[in-house]
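Each chain, written out:
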Amino acid sequence: MSGASAADVRSILSLPPSGPQSNPSHPPPPLKKAGSGRKPEGISRELYALIGPTVPSLLQSSKPRLKQKPNLGGGSRRVKWEHRNFKNPARKDSLQLQHWAKADDPEDDYVFAKYNVESNIYTYSQDEYNRLLEDSEWTKEETDYLFNIVREYDLRWFVIHDRYEFSGGPERSLEDLKDRYYSVCRKLVRSRPWPGDEASKSQLLNSLQFDKEREVTRKKYLTSLASRTPAQIAEEEALFIEIKRLEQTERRFKKDREELLRTLAGVESGLEGVFVDDDGPMGVSESKKKKKHGGDWESASAASNVISLGTPVPKKGQQSTKASVPSPEEDILHCIHRTSALVPNNLPATKNAHTPVYLRSAKIPVPKPAGLAPKVTAALAELGINHQRLVMPTKENCEKLESLLDAAAALVDLKRAVDRVEQEIKTSRERMDKSKSTSASVAGDAPETPMDLDQDETGTERDAEGEKEDESVRAQSVVSTRSTRGRKSSRRSMSISSVDTSTPVATRATKRMKK
Amino acid sequence: MAERVRQRGISICRPIVYGNTATVLTQEERNTLSSPDHTHRWTVAVRSAASAPDSDIVGGADDLSYFIKRVTFKLHETYPNPTRNMDKPPFEVTETGWGEFDIHIRITFVPESGEKAISFYHHLKLHPWTVTTEPEIPPLEEALKMGPVHSWQYDEIVFNDPFQSFLQTLLAHPPTPLPKTKRKPVPFHAANPGSLEASKGGVPEFTAAMEKEEAERLENAKQAVIAETDKWRNILIEKEKELEKLKRQLEL
Numbered sequence: 001m002s003g004a005s006a007a008d009v010r011s012i013l014s015l016p017p018s019g020p021q022s023n024p025s026h027p028p029p030p031l032k033k034a035g036s037g038r039k040p041e042g043i044s045r046e047l048y049a050l051i052g053p054t055v056p057s058l059l060q061s062s063k064p065r066l067k068q069k070p071n072l073g074g075g076s077r078r079v080k081w082e083h084r085n086f087k088n089p090a091r092k093d094s095l096q097l098q099h100w101a102k103a104d105d106p107e108d109d110y111v112f113a114k115y116n117v118e119s120n121i122y123t124y125s126q127d128e129y130n131r132l133l134e135d136s137e138w139t140k141e142e143t144d145y146l147f148n149i150v151r152e153y154d155l156r157w158f159v160i161h162d163r164y165e166f167s168g169g170p171e172r173s174l175e176d177l178k179d180r181y182y183s184v185c186r187k188l189v190r191s192r193p194w195p196g197d198e199a200s201k202s203q204l205l206n207s208l209q210f211d212k213e214r215e216v217t218r219k220k221y222l223t224s225l226a227s228r229t230p231a232q233i234a235e236e237e238a239l240f241i242e243i244k245r246l247e248q249t250e251r252r253f254k255k256d257r258e259e260l261l262r263t264l265a266g267v268e269s270g271l272e273g274v275f276v277d278d279d280g281p282m283g284v285s286e287s288k289k290k291k292k293h294g295g296d297w298e299s300a301s302a303a304s305n306v307i308s309l310g311t312p313v314p315k316k317g318q319q320s321t322k323a324s325v326p327s328p329e330e331d332i333l334h335c336i337h338r339t340s341a342l343v344p345n346n347l348p349a350t351k352n353a354h355t356p357v358y359l360r361s362a363k364i365p366v367p368k369p370a371g372l373a374p375k376v377t378a379a380l381a382e383l384g385i386n387h388q389r390l391v392m393p394t395k396e397n398c399e400k401l402e403s404l405l406d407a408a409a410a411l412v413d414l415k416r417a418v419d420r421v422e423q424e425i426k427t428s429r430e431r432m433d434k435s436k437s438t439s440a441s442v443a444g445d446a447p448e449t450p451m452d453l454d455q456d457e458t459g460t461e462r463d464a465e466g467e468k469e470d471e472s473v474r475a476q477s478v479v480s481t482r483s484t485r486g487r488k489s490s491r492r493s494m495s496i497s498s499v500d501t502s503t504p505v506a507t508r509a510t511k512r513m514k515k
Numbered sequence: 001m002a003e004r005v006r007q008r009g010i011s012i013c014r015p016i017v018y019g020n021t022a023t024v025l026t027q028e029e030r031n032t033l034s035s036p037d038h039t040h041r042w043t044v045a046v047r048s049a050a051s052a053p054d055s056d057i058v059g060g061a062d063d064l065s066y067f068i069k070r071v072t073f074k075l076h077e078t079y080p081n082p083t084r085n086m087d088k089p090p091f092e093v094t095e096t097g098w099g100e101f102d103i104h105i106r107i108t109f110v111p112e113s114g115e116k117a118i119s120f121y122h123h124l125k126l127h128p129w130t131v132t133t134e135p136e137i138p139p140l141e142e143a144l145k146m147g148p149v150h151s152w153q154y155d156e157i158v159f160n161d162p163f164q165s166f167l168q169t170l171l172a173h174p175p176t177p178l179p180k181t182k183r184k185p186v187p188f189h190a191a192n193p194g195s196l197e198a199s200k201g202g203v204p205e206f207t208a209a210m211e212k213e214e215a216e217r218l219e220n221a222k223q224a225v226i227a228e229t230d231k232w233r234n235i236l237i238e239k240e241k242e243l244e245k246l247k248r249q250l251e252l
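Residue numbers (full-length UniProt numbering), protein chains in the order written: chain Z, 1 to 515; chain L, 1 to 252.
Note that these hints are calculated values from the structure, not bench results. Check the hints yourself; a few may be wrong.
With a straight-line cut-off of 30 Å between C-alpha atoms, the simulated DSS-like cross-links for lysine-lysine are [as the list claims (entries may be wrong)]: (1) L/K245 to L/K231; (2) Z/K187 to L/K200; (3) L/K180 to Z/K395; (4) L/K200 to L/K145.
Only chain L is shown next, with the shape it has when bound in the complex:
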C-alpha cells in the first residue's frame, strides 16, 4: 500500500508537443493512391517537446511511453476506422487527405499514475501559414515548392500530487531540456504572427528562447497596459474633480 501514497505539495510536468506536418503529394504519388482526390500526406503526432539532434521531425527527443499508455487520434468520420489507437511510440498517425479538420486527441496515462485520460483538439493544418488568419490557399504547385507545412503546439502535462511510485518513474525520466538558442526555424504559431519569417526553411524546433520571447511580449504588453491605465486614471481623477466642482456650483 506504500506505493499508493501521494506525494503532497508537488506538481510535476512533462513538456510535450502535438500537431501535424503536411506535404503536398506529387501527381505520380497521387496516382498510386486508392483515392486520387487526396492532395496531401500528413502526420499527426504527440511527442516530447525537445527535438533530437539531427532529426527531421519536430520534437520527439524522449520516449514518452514511461507515462503515456496510449494516444488515440480520432480522425474525420470519412476515414476508414477513424479512431486510431496508438499503444506504443511513436504516437502518430500518417494519412493522406485533401481537407483540414479538427483531430480529437486523447492521451491515456499509465495505470500507476492513477490519472484519467486527457483530451484536446488539434486543427489539422495542410495549407501554408499566412500572416492574415484568413485561409488563403495557394495553388498546389506553389505549395509544393514551399515545402512541408508544420503546425505544432507546445504544452505541458501537469501531474498534481503524484503517487510516490509514479513520481519515481517520472524522476527516472527527466525530459530533455529545450535548447537555449535557436538552431532551426521557429515553429509558427498563430498567436505570434511575427514569427512567420523565422519559421521558414526547414523542420522547426522548440527552444527556450521562444518561451523567453513570449514572456517578453507579454511583459511589454503589460507595461503598455499599465502605462495606459495610469494615463486613464489621471484622466478619471481630473474628470472627477471637474464633476465635483460642477456639483458644488450647482448647489450654490
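Chain Z extracted, bound-state conformation:
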C-alpha cells in the first residue's frame, strides 16, 4: 500500500472509471493515440498511473460551465404586461392588491396561494378532554388557550412561547408547552378511529413524538458545550488524544501478548487468556467481542479438533428458530399466522393457555358497549354492512370489521354527546330567558327572606361569601333544576351589591383564590 493509483483516486472521488476499455461510450482521448499504451521500463505502476497518459483530469467533470445567458425574449416578440387586480385567498377581508402579470396569462388564482398552508391543529370535545386529556398540571382552560395560540402562531414554537401569557397559570417553559401540545395530539390520534393503515398512523404518531426530558437534557448539553472556556476545550482535546494513545498502546500490547502466548503455549490455551481481559479504555462493545470470540473459537477448534465446550449463545437461537421459521410465502401458502415469536418454545402446554380450535366467523366482533349495539347496527346497515356475517371472514376482513365497528361506536357515542350538549344548550337558553324576566322583576323587588336581607346588609364580606357558595352549588349541578334557587339568590345579591360600588373586585378574587 505505497501509493494511490489513478483508479483509486477516481474511486475515492466516485468518478466514472477512465480509460477506453472501461468506458466504451466515451471516445478515447486523443492523447492516448499519441502516447504509447505501454508503460516504460523502470517506472513503477503507481507512479506511471499518476504521470502517464491516463492521468485523470479531475477538472473534466467539475469544469465550470458558463452560465446560460438568460433569454430576454431575444427581441423576437414583445410581451405585454399589465397591472392587474388579484385576490389573495389567504385574506378573509376584501383586500384588493395589484400585481404585474403577462397580458396573455389567463386570470388564474393567485399563484402563491398554494404556499399558504394551514397546519392541521387538533380540536377536542369536552368528553374527549374528560376521558383522555386530564392532566394535573394543566387546566382545560389553559389547554384551550395553548391550542388557540398554537393555531394562531401556526406551530412556531418560539413565537408561541414568547407570546404565551395565561393569567393565573404557572410559568411554562417551551418544553412544557410542546410536551402538553404533542401529548394531547398523540392521545387524540390514538383514541380516534384512523382512516388509513397502521403504518401511516404510527408514522403520524412518530411525528408527534416529543420527549421532554431528552429535549431538556439536549439543551442543557448544548448550553454547557457552548459555554466551555478555552482552557476546558484544550483539556478535552488533550484527554481525547491521551485516550487515542492509550488505545493504540493497548492494541499493540495485546497483539504482542497474543503472539507470545501463541508461540509459548499453543493456540487453545492462549486464546482464552487473550480475550478475557480484552478491555480497552473506551470499551469494546459486548456483542462485537462475543462475535469475535465465537468466530475465533470456531476456527481454532476446527483447526485443532478440540471438543467445543458449548455453542455460543447467538448460534443457539438461530438453530431453534431455523427449524420453525419458513419464508413468509410459505406461511401464506399454509395459512399460518405467527402470533408471537417471543413465547418460549419449551413451556409446558397447559390447558388453560390453549385457545381451542374455532371457526373464524365465530370470532366476528360484536359492538363493544352493549348499549350502543342497536344504534351501531343501524348505522352500519345504512352503509350496507351486515356486521354479523361476512362473505369472506378471513383474518384481515375480521380485523377490518372490528375497526369499522369501533369507528361506528365512536360515531354513535359522539352523536349522543352532541345530543347531550344540545340539551344543555336548550336548558341554558331557557334559564337565561327565565332569569332575564326574573331579574327584571327582582331588581325592584324587596328581598324575600330575612337571611338575604341580612347578607346584603352586612356588607361586602358576607356578600362575597354567599356568592361563593352559590357558585359552588352551581358548579356542582349545572343542569339540574335544583340549583335554580341558588342562582336566583346570587343574581339578586349581585344586582343589589352592584349598587354598592365599594365592593372591590380584587378582594373577591383573592378570597376565591384562598378557598
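Mind docking chain L on chain Z? Use the hints.
Just chain L now, with coordinates in the frame of chain Z:
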C-alpha cells in the same frame, strides 16, 4: 412424548366452505319418491374452499380428511335417522324435502389434533335468492327454470398452537389457494346483496377477488364513518363553545 409438544406462537387455518345446493324436482322425479310432497333435492356439504377446475360443485378441490375425522349433519327431526355421520369424504348429505330449516353441522377433528369438535348451523336454502331478505317463493315451474340454488358460506378453521405432529400433517397438505380472479359466478351472500346479479348462471366459485371486494366494502364504510365522525366532532365542539358562551352569560 416429543410429538405431543405444541408449537407455540402459531395459528394455522384451513379455509372451508359449507352450505347447500338445491334443485327443484320435476314431476316425474317426484313420482318416483316415497314421499311425493318433496319438491327439492338438496345436498349439504363441508368442503375445502377452492373449487377443483372443471368441477360442477362448489369448493372441494382438496380432500379435508387429513384433519377432519367426521362431519355430522343433524337434519330436521322429521327425517329418518336425522343424525347423519360422515366418516370419510365427501362430507355431504343428499336428501329431498319441501322446506327450509337449520342444519346443525359438527366437525370432529382427527385425534392427533387434540382438538374438540366444533359445531355451527347452516340454513338450508331451497328457494332462489332475492334482493329483499323476505322469502319470496316463486312458483316451482319458475324456480325450475332458474336452475339450482346455491347457498355457501366461506369460513376458516383456526388451530392455535398446534401439536408439532399435527402441524407437520397440516404442512404436508397446503390448501389450494383461491383463484385470484373471477372465472365463474360469485357465490351469493346475504351480507352482500349487490352480488345477486353476478351470482347467476352456473356453479359459483369462491375467489380471492371476493375477499378483496369485501375488504374494500368494509374500508369504504369505515372511511364514510370516519368522515361522518369528523363532521360530528366539529359540530360537537361548536356546540360546546356555544354552551360555554351561554354559561358565561348566565354567570354575569
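Here's how the hints hold up against the structure:
{"no.": "1", "hint": "L/K245 to L/K231", "verdict": "holds, 21 Å"}
{"no.": "2", "hint": "Z/K187 to L/K200", "verdict": "violated, 49 Å"}
{"no.": "3", "hint": "L/K180 to Z/K395", "verdict": "holds, 17 Å"}
{"no.": "4", "hint": "L/K200 to L/K145", "verdict": "holds, 12 Å"}
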